[in-house]
Amino acid sequence: MEALLLKNFLRSKGLMTGLLILFVAGLISLNIGKHFLDKNKEIIEKTAHYQQESIAKNVEFHPKEIGLLLYYVRFGLVNEMPNLAGLAIGQRDINPSLKSVTIRNLEEQKYATDLMNPMYQMLGNMDFSFVLIYFFPLIIIAFCFNLISEEKEEGTWSLVLSQSGNPIKMLRIKILIRFVSVFLILVLLLMIAKFYLAIPFDAVFLAFILTSILYIIFWFTLAWLVASFHKNSSQNALILLLSWVTLTIVVPAGVNALTVNLYPVPEAFSTVLESRDGYHNKWDVPKEPTVAKFHQHYPQFSQFKHPEGKDYSWLWYYAMQQMGDDEAAKDALAFKEKLKKRNAFSSTAGMFFPSIHAQLSLNALSLSDMDNYLNFIEKLESFHEQKRLYFYPKIFTETAVSDENWKKFGLEFYQEKPSLNWLKMLLPLLIISILCVFWAKLKFGKNMMAR
Amino acid sequence: MRNKILKLISKQVWTSKIKNSSTLWLIGIFNGLLFFALFSGYKYLVNQQETVEHYSLEVRERWENRPDKHPHRMAHYGYVAFRNRFPLSFFDFGMDSYVGNAVFLEAHKQNTVNFSEASLSNGLLRFGEISAGMILQLLLPLLIFFWGFDMVAREREHGTLRILLTQGVSWQELILGKSLGLFALALSIFVPSVIVGFILLIFNEFASENPQSYIRFFFLIISYLAYFFILSVLAILVSAKAKSSKSALTSLIGFWLFFTLMLPKVSQVVGQNLFPSPSKIEFDTNVEQELIRQGDSHNPNDPHFKALKDSLLIAYNVDSTHKLPFNYSGYVMREGEKLSAETYKKHQAHLVETYQKQQNVVRFTAFLNPYMAIKNLSMALSGTDHSAYNDFQNQAEDFRYHLAQTMNELQIKYIGNKVKTSADKKAIISKKHWSDLPDFHHQFLSLIQVFKNEVISIISLIVWTLGLFFLVNYSIKNLKAF
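Protein chains in written order, with full-length UniProt numbering: chain W, 1 to 451; chain P, 1 to 482.
Pulled out of the complex, with its shape left as it was, chain P reads as follows (with noise of 0.2 Å):
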């Protein structure tokens, strides 16, 4: 393969192409829609960063100023966990509409993240968000299989394929040449968006606060590279394959359509079959159950409860919980947490296990899809896929049970035994105890732990961009040049 004739060939297309006035219109159209994905996705973005921000630093105000109280009171009054926003999320808004943005932290007790976006939206959601990700994996591939359809096709139809090849041009290199060519026009459309996504990036303080972001970025840059490659390829093997430029058009649309609408939506279908989850008051039963059996310290005559009282009152000597040295509520209280938060980890951590083995039907059906490859690779880069909402769930949960934890130690060190309800005056601690608690701060992902969730789309992207290879050279076998 000779990089003068790939250059030549590559620059004919990008001139040749270039020179047409609708050329030009598609390239202006789409730069113009990438610029109002990105500037209301970022505008968006800042909004909800601020949101966020504002409303985090009025909980903590809230609980710094609650009065001096019971502990356990305290506990009940809780805490609101806000799901931050990551730098990158205006790039590809992934599944944040879908996943809930805020959630009531108290003790015994799991609540829902809830005020998804898509639950403060009307129908109008479904057809799907315009974001820069959106455009760049559904609507450039299409642009870029117009654009290329006819490219050898349409020189077998005039009679110049024979021609180009008899002056010693191989296929391999009419094909990668042509494929160049054509991802340089994509290129026409990603590049401007790569920079103001950047610039976008740079200004926003959240950004240089999470350095990753640009690190991140730089990869999304990379699979974008290679997404659109495996698509200009591909799209000149059809039209070097077809019979003639129409029916090329007519493959490469119905590629389209079978990929990124019927193929998604139908295994996604397959999945939820295959794995059933449950519904939430199944769950909530499940989690209830298994509760009742470990142990129920409202119930006075439960035997975990009772032995554990036995074994308190023997080791302190003791025949009555009042004459414990500490708050023997208290010490229930926080047993029960402890029992009830592993039985409710254990129970999420299974249902998060079923929604990813749906997730993992689809996710590899990117060998056969690069489409799913990019989208859940993009998804994860920016902070917007399932992963990263769980983790935020991980994090609000292992808070509110410190949360619960850290008032039911100062209430077995603090409160009396003897008092009756929490309104004694004996039953009060300081609010001094309230700012000790730190503040919920939600963490990203890192960049380790979203390289080994998209281990199945890396892959597939490495697999098809070098099975591409191994495709063309098997592939011009068959190939007729008239």
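Just chain W, with the same shape it has in the complex (with noise of 0.2 Å):
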């Protein structure tokens, strides 16, 4: 019997010529992907060179005082992307992979984007995630939503019924078939995209994969769950639909929504006012509280001090600065713990939803999400306060230009090792497949006993 199953799903035009679909619009993906990491390769190379250009360019302009030099020298830290950020891109395409910062106040500087077409973001990409994510469901629908009911409606079904002492066991063999080929073409993709984009075989990679795959057996757990309902094809095709366009489109803008709603973010705006005030205010305010402040955060630059009467001193100007950040750290602090909240919120919503789930588990483990863009901002803030700390004692003591060595400021990279809770991430598909399995179990039994 399973041989002639096998053979009857091979002959099938429709059953192929879905394969075909996943495996080319998956093709489709990975070449979106190539074409985002080799973009981002670029801007990383143009601007390593556009950096030396342009301290090389300064420190000729600027030759006599440090201070006024480093107001101008900027210093770029990328956020290195691993190649399986090409498969699923997430928020890459929306916060800048590099930052280059001069060492004024950060607040005013740490939030700049990139230049992109809105529109482009709107439509969103065409990435792995995405060909997984919405297009498998759809296939995997497509080859189980008439499991039993095409059998009914063709007639065969009482053949099946009188022939086979276990029809349960023939159903199975039918959808393993299906399983095995949609896993065989996404297996197929992965290994592609592994030398396509020489993504490195590690533990990383092997959870993405585990991952994908945990994905399509819940869809396909869920339509066996509907098989044993024992509806007509079309009352399938319409639960499991519904339940696509739920999962993939309503749910996650809903949690969305909710999440906006529930946590607004004002503070983007208040951090913008504090930090300009921290920071102007202080040219129309006597120097010395200013002063004062700054030896109070930094107490191993007590010794230096500004020159009475003297209407300009770099260090009164960098104190400046500085307190355009301290001022504004409360607000900043804020808004940071509210995008973390944000962020926890859906993620734990998520648990309950195997699209978002998905989705958010591969961005992470892409280092696309959000949590890794936030940690970028946090070695950007450390990055920027240890070129602060090295360059504040050569200001202050106006050392010469020419003694320092430019050239060694290339650019700095910063490399996120994801996390890996397996158990957090696979946890959630499985207990909600089995939890399928076991409801069609059920059904089944009744459904069967009833006959």
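Each hint should be verified, as a subset may be incorrect.
[Stated by the list, open to error] Per label pair, the in silico range of CB-to-CB distance:
#1 P:Asn286 / W:Glu416: 27 to 35 Å
#2 P:Lys432 / W:Glu416: 28 to 36 Å
#3 W:Thr348 / P:Ser430: 39 to 47 Å
#4 P:Ser320 / W:Ala112: 36 to 44 Å
#5 W:Ile213 / P:Arg154: 37 to 45 Å
#6 W:Glu416 / P:Gly32: 39 to 47 Å
#7 W:Gly410 / P:Lys346: 30 to 38 Å
#8 W:Lys408 / P:Glu209: 52 to 60 Å
Treat the hints as calculated values from the structure; they're not laboratory data. For every residue, glycine included, the Cβ atom is placed at its ideal position computed from N, Cα and C.
Mind docking these for me? Both chains are given alone in their own frames, and the hints should help you get the complex.
So, in structure tokens, the structure goes:
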């Protein structure tokens, strides 16, 4: 019987077309991912070159005062993108993967965005994760919606019942053949991706593969559950399609609407205002309190004083800049906390919905999620701080510009290691799938008995 | 074509569907979803409007309360401009979440517009947003297809089609009548949301300030009506042409997938590859390089500014800029600001043009894909499209330029030529000048401008509507009664 079912499957034109569509869509998505990775690499190379050039030019223009020079000089930090991000671009096309900052106040620089056509962001990428989350389930639905009903509607079901002692076994083989075919396409695509995008085969990639597999398993178990209801083909198709629309469109958008309404972020605006006033207002007030506050923040620089009676000194200038950050610190922290709350809420809510959970897990593995970006910003803060601490003494002692080896300031790189929480990643998908199978077992038991 | 027959057929479609409890459920679910989308969108809009109003007032207050100081310090203190939401934006979010909301405006420098909703969100946003526009453009068509796929095909399968046709009903009447019935079903979902949307619009205090929002809403309704009508006729046509109701359903769902999910994404990738746009780094480098070529106001030996200086010295017959009757460095900055703003504007315009070319690739697919036509048109009418954002950017840049130049003028006029630093007592002017600068008010695009921007979408909707009559007339020749 197995051989017969397999032959039947292989001969079906519709099913083979389905597999072909999946494969082609997958290949297109891999190409889009490759393109994205290449473009990112190109931007980094160009920036590395541009940074060197710009530093050299500024050193030439402002050779006298290191304080003035550092007003202009920018240092770049790259949020390294693993090649896996070609499979799940996530938020990488919205949040820049490279930031260049001067040692002046960071608040005015850290939220700068890249240039991007918003239409492009709105319509979104057709990356591999999109094909996996949207297209695979549809093909699975098309493969499985008439698992039993087709036999009933073609009149072969009574034949199956009378000839086979165990009709469920036949159904199991039928769905298994379909599963294996989709599974093979998935694995084939991932293997092509491995070589085409040069993804290292490590625990992270393995987690990526397992999550993808569990996601398609979930859809097969759902189709199995719907088959156990013994409804007719169009009802099955309706139920499955509605589940698809609900899981991939309505629920994620609903959770997002909820997040946005529960956690509005007015802190984004107040941070800007606080930091602007924190710095600019210092021009209008006596210099001593500003310098005193600076000394409070950095006791190690207490020996440097603002020369009395002078209108201007670089110590005072950078102390003012520092106040831009210090006075916005409270709001900036509240802002960051708010974003983390948003993140935590949606990923917790997402655990109950395989589509959301899979997408967020894949993004996290590919370091293209919000968490990665927030970590990058934190790294940017310490990068900026470290540059300040390095240059502050040189500025305050008026070290000659020529004493510094400016060539050594190339781009720096931040590489995050994705945290692998296997249970949290795989368990939600596994539990929902098991629930579907279990419920189907109950239903099959009842429905078969009734016959 | 007889009106009586049309009415009869469409009424029959309506009553036979509405009898079905699953139809009522679906209508209920869709209305519930739409109300949720409208209310949550509205709440978000009001929240945004209040936040923007609050912080705009604060920006203004802080600006006016700056003490006496050097005008150039004021030019660097700058302004923060916030993007206002159009009162109708709760109906269709469009690109609103992907474009920035706040921009810091200061002398010499064009900052990016930051804090888009997308930059504050994790991956969830990318599944799409739930707005009335999304439900009506994306989900309602699926429902129309689902209701319509078997309307002719099943009659054929049951043999009732032949009876109908032999009784003297023409194919045109049958298709149009069924389409009208299906259209009426779609209205049972569309009309309540329009009423709720209208009430919410009336309640919004900003709508009365922008009476054009009502006119825009009116055109929005017409566009959606056209869209639903097109889809209803298409569904019935496919049902009439298909071999079986099952194949009708499969092709309709296939069309839906291809046109709403695949084509938009693929066409935007094509657009991007045909018209590559620069990254921020490239853009800034290009602007900077051109500026250096034109003249660097910081470089004392720059030929452009040296020529300027020499001509001034000759005109006023003095031998040093300190002897000029006005503030020389303010004069130089005014010239520098003019040059840099012009250069930036030129590059920015070029960038926007590239973006529009990319978008036009997507926009032109509307002739194949009514979904794209309604999507763009609805976005534009709701004030959430790229042009609306671009207009805000231009207004903010104009304001920035005006601010910087006003401060330069003040410097030229009031600041002495011999002061060494901006902290000098002689270098300070009264704070009363600050309130002379008008506040930033984000104005919305005019209706005519909106129509101009969306000419392609409007034409394609009209072509689709008219084209359907030809399509019906053409395809009935090959239709079979059994």
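- Item | Unsatisfied constraints (hint numbers, rising) | Violated hints: 2 and 3; rest satisfied.
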